[in-house]
Every structure is written in C-alpha cells, then in structure tokens.
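Participant: Protein sequences, first through last, are from chains A and B.
Numbering follows my numbering, with no gaps: position 443 of the first sequence is 885.
Numbering follows my numbering, with no gaps: position 438 of the second sequence is 880.
Keep in mind that the hints were calculated from the coordinates and are not lab data.
Predicted model, so just to flag it, every value in this text is computed and none were measured.
Check each hint, because a few of them may be wrong.
Since copy identity is lost for identical chains, a pair holds within one copy or between any two.
[Stated by the list, open to error] For lysine to aspartate or glutamate, the following EDC-like pairs were computed, each having C-alpha atoms within a straight-line distance of at most 20 Å:
| id | residue 1 | residue 2 |
| --- | --- | --- |
| 1 | K944 | E989 |
| 2 | K975 | E548 |
| 3 | K703 | E715 |
| 4 | K506 | E618 |
| 5 | K814 | E626 |
| 6 | K761 | E856 |
| 7 | K944 | D967 |
| 8 | K547 | E515 |
Listed below are the residues making up each chain.
Number of protein chains: 2
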Amino acid sequence: MTEPLRVVSLGGLGEVGKNMLLIEYGDDAIAIDCGLMFPESDMLGIDLVIPDTTYLLDNPELLKAIFLTHGHEDHIGALPYILPQVPAPLYATRLTRGLIEVKLKEAKLLDKTDIHTISTDSVIEIGPFTVEPFHVCHSIPDAVGYAIYTPSGLIIHTGEYKFDTAPTDGRLSDIERLRTYGDEGVLLLLSDSTNAERPGHTPSEQIVSETFEQIFNQVKGRIIVATFASNISRVQQVINTAMRYNRKLAVVGRSMVDNVKMALQLGYLTAPEDMLVHVDDLEDYPDSQIAIVCTGTQGEPTSALVRMANREHRQVSLKEGDTVILSATAIPGNEELVHRTINNLFRLGANVIYQSLRPVHVSGHAAQEEQKMMLELTRPQYFIPIQGEYRMMVLHGRLGEEVGITPQNIFVIENGQVIEFDEDGAYLAERASSGHILVDGLGIGDVGSVVLRDRHQLSRDGFVVLVIALDEQTGEVVDGPDIISRGFVYVRDSEDLLEEAKEYVIDLLESGRVHRDTVATVTRDALSQFLYKRTRRRPMIFPMVLEV
Amino acid sequence: MTEPLRVVSLGGLGEVGKNMLLIEYGDDAIAIDCGLMFPESDMLGIDLVIPDTTYLLDNPELLKAIFLTHGHEDHIGALPYILPQVPAPLYATRLTRGLIEVKLKEAKLLDKTDIHTISTDSVIEIGPFTVEPFHVCHSIPDAVGYAIYTPSGLIIHTGEYKFDTAPTDGRLSDIERLRTYGDEGVLLLLSDSTNAERPGHTPSEQIVSETFEQIFNQVKGRIIVATFASNISRVQQVINTAMRYNRKLAVVGRSMVDNVKMALQLGYLTAPEDMLVHVDDLEDYPDSQIAIVCTGTQGEPTSALVRMANREHRQVSLKEGDTVILSATAIPGNEELVHRTINNLFRLGANVIYQSLRPVHVSGHAAQEEQKMMLELTRPQYFIPIQGEYRMMVLHGRLGEEVGITPQNIFVIENGQVIEFDEDGAYLAERASSGHILVDGLGIGDVGSVVLRDRHQLSRDGFVVLVIALDEQTGEVVDGPDIISRGFVYVRDSEDLLEEAKEYVIDLLESGRVHRDTVATVTRDALSQFLYKRTRRRPMIFPMVLEV
Chain A
443 MTEPLRVVSL GGLGEVGKNM LLIEYGDDAI AIDCGLMFPE SDMLGIDLVI
493 PDTTYLLDNP ELLKAIFLTH GHEDHIGALP YILPQVPAPL YATRLTRGLI
543 EVKLKEAKLL DKTDIHTIST DSVIEIGPFT VEPFHVCHSI PDAVGYAIYT
593 PSGLIIHTGE YKFDTAPTDG RLSDIERLRT YGDEGVLLLL SDSTNAERPG
643 HTPSEQIVSE TFEQIFNQVK GRIIVATFAS NISRVQQVIN TAMRYNRKLA
693 VVGRSMVDNV KMALQLGYLT APEDMLVHVD DLEDYPDSQI AIVCTGTQGE
743 PTSALVRMAN REHRQVSLKE GDTVILSATA IPGNEELVHR TINNLFRLGA
793 NVIYQSLRPV HVSGHAAQEE QKMMLELTRP QYFIPIQGEY RMMVLHGRLG
843 EEVGITPQNI FVIENGQVIE FDEDGAYLAE RASSGHILVD GLGIGDVGSV
893 VLRDRHQLSR DGFVVLVIAL DEQTGEVVDG PDIISRGFVY VRDSEDLLEE
943 AKEYVIDLLE SGRVHRDTVA TVTRDALSQF LYKRTRRRPM IFPMVLEV
Chain B
443 MTEPLRVVSL GGLGEVGKNM LLIEYGDDAI AIDCGLMFPE SDMLGIDLVI
493 PDTTYLLDNP ELLKAIFLTH GHEDHIGALP YILPQVPAPL YATRLTRGLI
543 EVKLKEAKLL DKTDIHTIST DSVIEIGPFT VEPFHVCHSI PDAVGYAIYT
593 PSGLIIHTGE YKFDTAPTDG RLSDIERLRT YGDEGVLLLL SDSTNAERPG
643 HTPSEQIVSE TFEQIFNQVK GRIIVATFAS NISRVQQVIN TAMRYNRKLA
693 VVGRSMVDNV KMALQLGYLT APEDMLVHVD DLEDYPDSQI AIVCTGTQGE
743 PTSALVRMAN REHRQVSLKE GDTVILSATA IPGNEELVHR TINNLFRLGA
793 NVIYQSLRPV HVSGHAAQEE QKMMLELTRP QYFIPIQGEY RMMVLHGRLG
843 EEVGITPQNI FVIENGQVIE FDEDGAYLAE RASSGHILVD GLGIGDVGSV
893 VLRDRHQLSR DGFVVLVIAL DEQTGEVVDG PDIISRGFVY VRDSEDLLEE
943 AKEYVIDLLE SGRVHRDTVA TVTRDALSQF LYKRTRRRPM IFPMVLEV
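Make a model of the complete structure from these sequences and hints.
Facilitator: Have a look at this one:
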C-alpha cells in the first residue's frame, strides 16, 4: 500500500463535512454531499453560501462521483453551482433524487447530469472504492449513511442520523449493518455531531404523534400545523392524525405543495384520495373538519404562516378558535423572527402550541447516548466528528474518548484540514484550499470582505455623496455642491443640516486653503468630521469633483 | 370616588410595562421604571430604543415621581433621555441609585435631578398615592416591587422577581408582606411574565454556587468566569468560591470593573482585602491560584471575553488548561455571537463550560409555579401580566385563570392601551400615544421607517450614484458619466460591468429619445434594469445630472 487515503472537508461555515467531504485515494476521489450553507447574519445581502471547490479545480480529474446522504438543502443545495464547475455523476436514493431533479431542472442541468438511483441494497464500485448505503432515520425519509471500503480500510460516514425506535415510516436505522461493519473492522468513523450538547436520547417521533393525537382530540376549531417543507415524515404524521379525526387537509406554501406532490407521487407520503383538498375549498367544511399544513416555522417573511400571522395571507384568515402548531424549532439566528410570528399569532386570538409548551417537534439528530451507541457499534480505529459547530465536534470527540477510542486517534478538525491515513497511522497533512464562496444574485464569489464591510457600514449610517463642479480653468465652484444621502438622516427633516454641510464645504473651498489636487480628500475628511460632530454618525462620504 | 384610576404602559417593543408604566389618578401620576430597549435586529444602526413620552409631554404637570424597581438598563437606562423632557424626582434603593448616578453624571444631569433613597422600610406619599417598596430577589441586588395604595384600591407591581429559596445575599423575596397585602385586598396585580413559558420553579442561585464549587474543586488551571456586569450577586458567588480555593481574582472589562468598584464601596460586594488583584499582577501567581471575572457573555464584539476568544485581549492570553465559564444565557438575538465565541474559545484549547453542559446560570425571573404563588399570595381582583413578549403575557394570563381570577378581569394588553378602574369595574379606555423612539448617535427619534428601509436596502445591495454633466444650452454630455458604487459589486473586479453601464447610459442619452426633464428618472430606471439583468441585485440608484 503506497498511496495514503485522504479525507478532505471542503466548504462549511465551521462545520466540518457538513456540506461536502472528499474521500481520496491515489487518483480517485468521491464526495459525500454537496450542500449549501445559509448566510450568517453578518453576511449582509448574501443569498447563500457554497463550498469552495478550488481543490477540485486544481485536480480536475480527481472527483469520480458525488454520493448524497439525504435531500436537505445543506446536503444537496450546492449541486446547481458546483456541477457546472466540477461535473460528476450523482448517487442518491429515490426521494433524494427526486429533490435533486427539481433543482437541476430549474438550473437547466438535468439533461447534462448522470444520476444513479441507489438503495440500501446497492453496492457501488468506483475506482478503488466500494460504497454501500445503509438506512438511517433522520427528519426526511430515505436518508442513508455510507460504508466505504477503501484499500486502506473501511470508512463509515453516518450521514445525519438518529436511532429513533418508532419512526413514522417504521424504518429503523440499520443497527445490524452497523454492528456487522464494526465486526469487520472500521478504520474511520465520520459521525454526526449536531446534538453533541444534548445528553440522553433524542425522543422518538412517536411522542410528536401522541401530542398531535391529544391536540386533535381536544380541539374543535381549525388546526394549522407548520413544519419544514422537507419534513415529509412530519407531514405524514399530520395526515395520519387528521385522518383519524375526519379532518380534510389543505397544503399551503409553495415549497410545501411541491414537496408533498412529489412525495405522494413517489409513494413517500400516503393519504386517502378525498382527504387532501385545495385550500380554497376549505370553506365548504366546518372548522372542526379542517386541518392545514404549511411552511413558515422559521418566521420567513414571505412564508405562508408569517403571512397568516400578519393578516396578509390571501386564502387563510386566522381567527379566535384556531389552533396553530409550530412543529419545528428555531434554527439558531432565526429566534427573533420565530418569536415575533408566535406573538402575532396570539394577537389574532389563535392558540399557538410550540416546542416550549408541548412536545410538537423532535430533532432529527442523535443525542449523546445515540452518538455513543454509534461509536460502540462501529468501534472505529479513528474518529472524526463531523457536521457540527466546533464546540459540538469537541464534545463529540470527548464521547469518543469515553467509549475507549485512543485520544490521539480522534481528530477535531477545521474545514480544509486534510487527514492522511497510511500504514504508519493517521496524521494532519498540508491543508487544502477550502472555505466558502458567497452567492449573491448571479454573482458567485464576487462579494467578499470589502463589499460586506461596505454594506455593514452603509447599514449602520448610510452614505453621503457630495457633487461639486469646478471651473476647469479657475477652479471656482460653478455648480453644486449637491448632496445625495440615504440611510444617514431623514432627508426631509434634515434640510438645515445638509444646507449647513454644503455651506461648510463652500467656505472651505473658497478659503483658498485647499489645493486643487486634494479637493476630494480634504472635502471628505472635513465633511466627515462636521457630520460626526453634529450627529455622532459616520456615513460613508464620497465627494465627486467634476471639472468642467 | 369620581376619578378613575388609570394604568398606562409607555414604550416597550411589545413588552408591556417593561420599560415605563404609569399609575394615574386625577391630576397625578407616578411612573414605575424608565428603561431602554435594545434594538431589534432589523433596526439597523440604531444604538438603543427609549419609551415614547408624548403622553407625558401632552400632560406636562402629570408626572410627580419615577420609582425604579432595580438597576438594569431596561429599567433605568432611559433616564438620561427622558428626564430632560419630563423632569421628575426619582425614588430608588441604594444600589439602584448608585447605578443611576453613574448615568446621570455622564449625562450632566446629576445636579439637576432630585433623587430619594428608599428602602423596604420606606412609605412614600405622593399626591393620592402611598407607595411601599418590598424586597424581591432578582439577578441584581436591592431589587424591589411596589405596593401602591390609591384611592381606588391597592396595586401590587412585582418588579422583576423570583422566589429564590437560597439567594446569594440571603435576602428572600418578601412573601409575608405579599401575603399581608393579599389579606388587605389587592385591586390589581401587575406581575413579571418573562418566564411564563417555563414550568416549575426557577432553580435557586444555590445550584450555581454548587456548580462553581465543583468546577473550582476539579480544575487546576486558570478559571475565567464571564457574566453580566450588573450581576453583582453572581460576582459575589465567584468571589466566595475563589476565596475557598485560595485563588486571587482579577476583574476585567470596563463595565464590570466600574460595577464591582461601586458595589464594593456600597457594601453590596464583600471580598477579603488582598484577594482582588489587578489583571496585570496575575502573572505573579501560578495558574492554580488565578481566577478572572469578566464581561462578554453575549458575544459583544468589544467585550473582554470576545477579545480573549479572538486572541486580541491585551492582558489575558488564553491557553490549553484554562477553563472558561459562561455564567449567563444568550439573550434572544445574540445566539450566533455567543456560539461563535464559545467555538473560538474551544479552538484556543480552553475548556468551556456553559449552560447547555452544566447549571452555571439561573434565570432572575419567576417560572410558572412562582408566578402562581405570586397570584395566590396577592389574590388580586384584577390582573395585568407585564414584562414579557405577547405570548408570555398570554400564558401568564392563563395562569391567572388557573388560580381562579375571573377571566374578564385579566387584561393582556399592548403598550399604549390604557386600563381604567372605576366603581363599576375595569375597562379598556382610549389608547394613549405610546411606542418607541429610536436613538442613533445624537439623534433621538429622527431615524424612522424611511431611513431604516434605506439602510436595509443598502445593506443588501449597496448603491450606485451616476454623475453626469450636461451642457446647459445644448444638453450634450460634457463630463461623465462617473459612477460611485459601494456594497453592490467589488468595484476593482467589476470595471467591465461599470464601463458597460456608463456606455449604456451614454447610448441612451445620445439616442435622442430622452427628454431633458426626464433624464434623471429615465436613467435610473434603465440603469436599474440593466444592472438587475446582469447581476440579479437591486442597488439603490441615484442619477445626478448637473447642467453646466
């Protein structure tokens, strides 16, 4: 064995292996996932963030395939951006494929992309790798982890998983397969760290079903359940409960409608034929026979639930007697929007049931005891915690120590950090170029720290442009100064201030103390000081001197 | 009895009575608290938010006194802004007064303000009101609630409270006084709703002391405890534990240093003389004898802890073996910054202990069972939940129903909603002008929705100013177009785009299709479309046409 096996995490905002992870041996590599990240709150105006593929562009023949673990955006969402740069065949389960195809079709890439449907019976051979998908429970059906046989040994990539004992679709995470891999001998475990801060077990989906049951049993008015559009299993739970209580169900919210349609077609959702009705037809039924499932759990301003909360939804007007269930928790950073939405729903007189009050949601990720179980089933020689913020990976690493993995064989790494495995062991290799690329409109990677810094300053204090025309010969002011300003002061109420600013600049220029070549910089500095003194604000200031 | 008693909540971002609440009878009113609000995340560039006092300005002789419940910013922080508009004598306990004086001194208002020190023995008569402060436990010492005797009956305002059974300073909330008031007969209870989502009791400060004890007992390296600068009791807990383990303590962070100094002077903090050392002198001691208490629990970019986490602190360099305790939880909206700080601390090799892992913090507010106890002790005829977001006030209102208050006598209200009490009962009166005023630099109230909308747009896509000089006579372009742009594209890499934009504008103007009077608007619209098509971004566009 002369070649080292290499593990390379690309992309991610601190979360290793969340969005794209490479397994590399000799001239071949396969990627696990190709997802996008949601911008952090200081990435102003950024639409989304994708992995940096410089490493793959520098090694153009390297990538032989991309394996997808499940259909969430942070695992498949970067495909439309990455595939044109780094084309590769895709491997995905049926539902995941369905979700990918919607994306690739929109991006006009579907015809150009080679997609293979895989199942937990598949064995895929690619170069030196043999890949076996195994079933895991997650908050979307048809999720898998991967067993990857390499010349250096077996790698287990858990995907995102939990060991739910009573999942909605009845399919348990494949504990037996994991144990068998452990028996064969696992070189490296790459395991989901998301819930490494949570002790115990993640409760089963069963508890959500039971809570739904209780609520549907008590409530006489309409019931509106909001959840993630991708949480097909949760939608099935709503369908099941609504069915038992003879309620018709309307699906509201574009992404929810699309996903439900697709999942029904593929058989991942089942509902009696006459049960699903169009939202416009709800008025034919009494409130006690109405249920709605919709988007908006994150307080997204254009989502169905938020429109309802703001009395802006065309089809659904909330009223006293309605019960709204938020079957999800706020993703960090969204708390303020979620709380605002809940407050507004209460203001409309609706009864709102959310996670702090009743167990209407459970996480899709393994908690500490399950993470330990994964470690104990697979008994890996090496362990790299993935898919979590740094602190979670540290805590997950400690669980590894607790179950007996040699501390030196546990690698808590950052994105771009390459780990190499050879006959002598595992070690940190030279870092690969990695990071994240900001997507803003059509621009991929053109917005960087300079533009973001400017946006940040503009967002706090706005800008002032001062335009002044000087006579080319004499240097005298022939027109202006004119001022354009936004985001600094309310212009209509600040005419005096802006007039004074103009006069201040004219006085300065007429004082004869300003050299022609320095008009712009001197004016900017003087105006900046003047305005700061008067307002304690620091707008961006741009003097524009025309010579005519 | 001819005059109605009126309760009016001013200010607040949805939280009734959090920042300023008026009790009004005839020509007299007293206010409870005068605090500021922290801007919501979409209030771009805003420094802080204060209550709208229009109602008091419209009734200039009305306000006779301001009673402060405790020394937190959201209860005293608006005084420097409100007092110049609406001067009134202040009533505060000793520590609260100390904190107020620091503020008023900075604002050069101390000499002009009449401040009365009160204690739980005080009985203050003001016009028709007799006011008795009573002790409550909160996350700052010397907190009180108020019993307010009015001609219409007794009002109990709880302040912010919890029923801690083992507070650090040993002073329990005054249950007996509350019971006595209940026996006398309470017309109206105004009670803290903050933790109405939390079942059970808020754990005692005792549990934090015990956790500190365990950590100090285990750890050999330096221990750094971050908490709120105002959480004097928590600082005392750190002092007590450090003392037992023979550690010197350094106080780091400007606001923490100021508060500790003041609290030591006033006797609210006690520490052996030689125990507190300057941070620069820590190097004289081995790691096992060092403790630090500092600011930064909210991930504030300039705070001591964040500087340490980013290796930017002048005096404290963190290293492996250090233990950092975050003795606070993230205020909603700060989660991302807090998580980032924890991740960075772990990256430096420190062991970080925070609330998800061990009980190193408890809330300063009553949970549901304590809220019920407050209701049961005071047995009020009417109940207005205050100090919480709308959903919390709704939930608190439900607790009121649970303990037997007539549902019609429970008012879940919004700010500005006046409640009147007369011999016939209580009812919603005409709303008072109320709301919030944004403070940005020296500007109080000048930044409103227009400026915020502009800042929001600028933060997403920046701006483009296009300057063009036309010949006054012929209308021909004599100079320009020049473009200034920030926050839209990275100008250095986008010269081609901006050149094309200029040419596009020149072609348009030279086409002869644009009337002189409409040059600005036509140019703006055309340029907007051109840039959107090329970038899918919508910068603010300002054409500036000079005629020379």
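Participant: If a hint holds in the structure, say so; if it doesn't, say that too.
Facilitator: Comparing the hints with the structure gives:
Taking identical chains as interchangeable, the C-alpha atoms of K944 and E989 lie at most 20 Å apart whether they share a chain (18 Å) or sit on different chains (18 Å). Proximity of K975 and E548 under a CA criterion of 20 Å is satisfied inter-copy only: 18 Å between copies versus 52 Å inside one chain copy. Within a single copy, K703 and E715 get their C-alpha atoms as close as 13 Å, which meets the 20 Å cut-off; across copies the closest is 72 Å, which misses it. Taking the closest pair of Cα atoms, K506 and E618 never come within 20 Å of each other, the shortest separation being 29 Å inside a single copy and 76 Å across copies.
Taking identical chains as interchangeable, the C-alpha atoms of K814 and E626 lie at most 20 Å apart only when both belong to the same chain, with a minimum of 19 Å there against 59 Å between chains. For the identical chains of this complex, K761 and E856 are inter-copy neighbours only, at 18 Å across copies versus 49 Å inside a copy, given an alpha-carbon limit of 20 Å. Taking the shortest alpha-carbon separations for K944 and D967, only the intra-copy value of 14 Å comes in at or below 20 Å, while the best inter-copy value is 28 Å. Proximity of K547 and E515 under a CA criterion of 20 Å is satisfied intra-copy only: 16 Å inside one chain copy versus 54 Å between copies.
Checked against the numbered hints above, the structure violates only hint 4.
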